[in-house]
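Work the whole structure out from these sequences, hints included.
These protein sequences, in sequence, are chains F and L. Residue numbers for the first sequence follow my numbering, so the first one is 1 and each next one is one higher. Residue numbers for the second sequence follow my numbering, so the first one is 1 and each next one is one higher.
Treat the hints with caution; some may be incorrect.
Note that the list lumps identical chains together, so a pair holds whenever it fits in one copy or between two copies.
Derived lysine to aspartate or glutamate pairs resembling EDC-like cross-links, with alpha carbons at most 16 Å apart [stated by the list, open to error]:
| hint | residue 1 | residue 2 |
| --- | --- | --- |
| 1 | 361 | 198 |
| 2 | 391 | 340 |
| 3 | 48 | 134 |
| 4 | 48 | 102 |
Hints were generated in silico from the structure; no laboratory data involved. Note that the structure is predicted; figures quoted are calculated from it, not measured.
What follows is each chain in one-letter form.
Number of protein chains: 2
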Amino acid sequence: MIQATNFQPIISDEVLFKAIEAEKESIGYYTLPFQDTTHIKEYAATVKQQCIAIIGIGGSTLGTYAIYSFLRDATELDKTLHFFESTDPLDIAARLKFIDIENTLFIVISKSGTTIETISIFKYLHSLIPMSAENCLIITESDSKLNDYAVNEGIKTFEIPKNVGGRFSVFSSVGLVPLAIVGVDIDALLASAAEVHDSFFSQGEDYHSLVTKARFLVENKKEYNINVLFSYSTMLEGFNKWYVQLWGESLGKVDTTGMKQGLTPIGLIGPVDQHSFLQLIVEGVRDKTVTFIVIDDFLCSSSIPKMTLRGLESTDNVNGMTFSRLIQMQAHATIEAIKELQDIPYDVITISEVNEANIAKLMYSYELLTSLCAQLMGINAYNQPGVEAGKIILKKSLET
Amino acid sequence: MIQATNFQPIISDEVLFKAIEAEKESIGYYTLPFQDTTHIKEYAATVKQQCIAIIGIGGSTLGTYAIYSFLRDATELDKTLHFFESTDPLDIAARLKFIDIENTLFIVISKSGTTIETISIFKYLHSLIPMSAENCLIITESDSKLNDYAVNEGIKTFEIPKNVGGRFSVFSSVGLVPLAIVGVDIDALLASAAEVHDSFFSQGEDYHSLVTKARFLVENKKEYNINVLFSYSTMLEGFNKWYVQLWGESLGKVDTTGMKQGLTPIGLIGPVDQHSFLQLIVEGVRDKTVTFIVIDDFLCSSSIPKMTLRGLESTDNVNGMTFSRLIQMQAHATIEAIKELQDIPYDVITISEVNEANIAKLMYSYELLTSLCAQLMGINAYNQPGVEAGKIILKKSLET
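What follows is the structure, encoded as structure tokens:
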């Protein structure tokens, strides 16, 4: 009689789980949902300005923008958020038109404290309106040069923990402070992230679905080197951008054996990109996985009027329908078309309604998914050594 | 003595050129630079409204947005352009806040005339403010149902030629009419596109550089299935989006042998995406080509103040520099870092200054490049059969 065992994955679920648990010792983002936010809320309540302008780039802005742009149009926020993140002079000029500079709190966010874009823009704005404890707040590491500056000037600071990287920092002071100021319920954000955390680390439902997804993506990374996120709402454009950074910068790495690894993220917005990128997904090379994000309730009742236009009677089939329902139907028609092809790997994330809990759940889950993929790929998700060479070249050319 | 010929490309330069020349018989975009614009300029001069709102999606808006967003902040335009393109109800509500609905000309653009997003949004806006010859303009094919509607209502129309596809329509009435209204010099756009046309079809410099590029991209498409456009200015964000549609929708096709083809476009903006996607390019799998776009002159003299901040003295190396120069140096430092790696195919497009001629040259060249790649891949660049299945599913579900 022949006896055989089945093939086993190189990294078993048990080893994978232990590796992630071990990361909790050194990687700070896992436990951010459990922090005390009292001091943040107390500070936020004291802010008088109506415009809040963040000066920062990359991980200092993308997570905050994702949450803000998701909630902004669907909920009533108290203040407006603005982002100065590019050294493009025309971009700076254009953004200045949208703020009342005399009624603006400037929040300078830089983990290292010497990010060239951030400090250059800060100096420029400082030359337009003097920065002081009255109109400026600084979020940085406790021992950075920017922190020294804040101490010298008596400017209030919040700390970015050393073990929380920029792209994993949305639930640290980086995201929570500006979001609390504009009126986002940050405790609801954290409570929802904590739920995902607990379900994951008790190996509940979230754990199994994330591990299954991570294994699929990593095991098929040679065939499907592109991961498309097809989000059916312009409110998710910020989330898409955050995802692109999280995925690209975390997973584009040299692994422990010296091999270059990487999965390429692409963010699409439906239905607009049905008229742009969809053709490539449907008839192009099978090198993509697709994750659809569909919103069940936009909290918005506006609808297509029951209106017949002479000549355009054939379009009356959507008369009376809410736009919310139309966009859902468009999403599901696209999903159905992809499903019928049978050779494009896809999954669907449904967001029940637009609120703090759901965006936090989505983002914390994606952080965990990223950590799982990195473990399976044998890479470090939390550094970014590849961007140093350009910085060194820039520094040298500035010296000459 | 042994005699040998060298390997020859499957499609010789001669055959390729003849194929493109033959396309001019049936594909309309090639000769758009030579049209008479008198009637467009005459109409544009009569428009009284200050806000111009385009209702359209995909090819009806992306090219116009690319040119408008490139020129908007650097030049003095007379009016503002707004885009209603998504059925997302919160997006519609947000965009309404930016226009003065009583002082807005609505331009409905749909080639087929029955695009569901466009007509639904049109009806909705029509319910907010009645549309008439006074505040509405329609751009569509001459025999579409939308054209019937316009004729019935006495609304002025401009025609989209049948043989000009949406993503190749920027130099037709689709782009020229709204751009002329807001004050863009459309003759300068066309003159520059005509120059590229003439150089290309006389097999001059533009021809040889585009053919070389197209051959490289197509011959290496299996290894490098992703084409990144890394544009160093937020003004090029619209161009990036237009490129993504042009490239994805034109080249994602089944070829004459039944094989699925496709090159995947990605648009990045520098320096912001140095803090996001660059790590993946540098250390990730070698599956990408990169085209950098660098602007020489932003026509903007704002600079980093000569300001020393206590604690931040180490950042004084950029003091006194214009932002325009800083962003250029950032671009060139990144290019240099990529060059040093020696295993990432890249090229650099330099835009001398921000004006009509340069954006038109860039866009017309990319249209030609797309046509060349499609010929080399054995596909039809000008249709989009892959998006029909979803439309049919949506139509069926609307009937039930």
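Okay, the hints, checked on the actual structure:
Taking the closest pair of Cα atoms, residue 361 and residue 198 come within 16 Å of each other only inside a single copy of the chain (12 Å); across copies the shortest separation is 55 Å, beyond that limit. For a Cα distance limit of 16 Å, the shortest separation of residue 391 from residue 340 across copies, 14 Å, qualifies, whereas the shortest one inside one copy, 47 Å, does not. Only within a single protomer do residue 48 and residue 134 lie at most 16 Å apart by alpha-carbon distance; the minimum there is 10 Å, versus 45 Å between protomers. Taking identical chains as interchangeable, the C-alpha atoms of residue 48 and residue 102 lie at most 16 Å apart only when both belong to the same chain, with a minimum of 11 Å there against 34 Å between chains.
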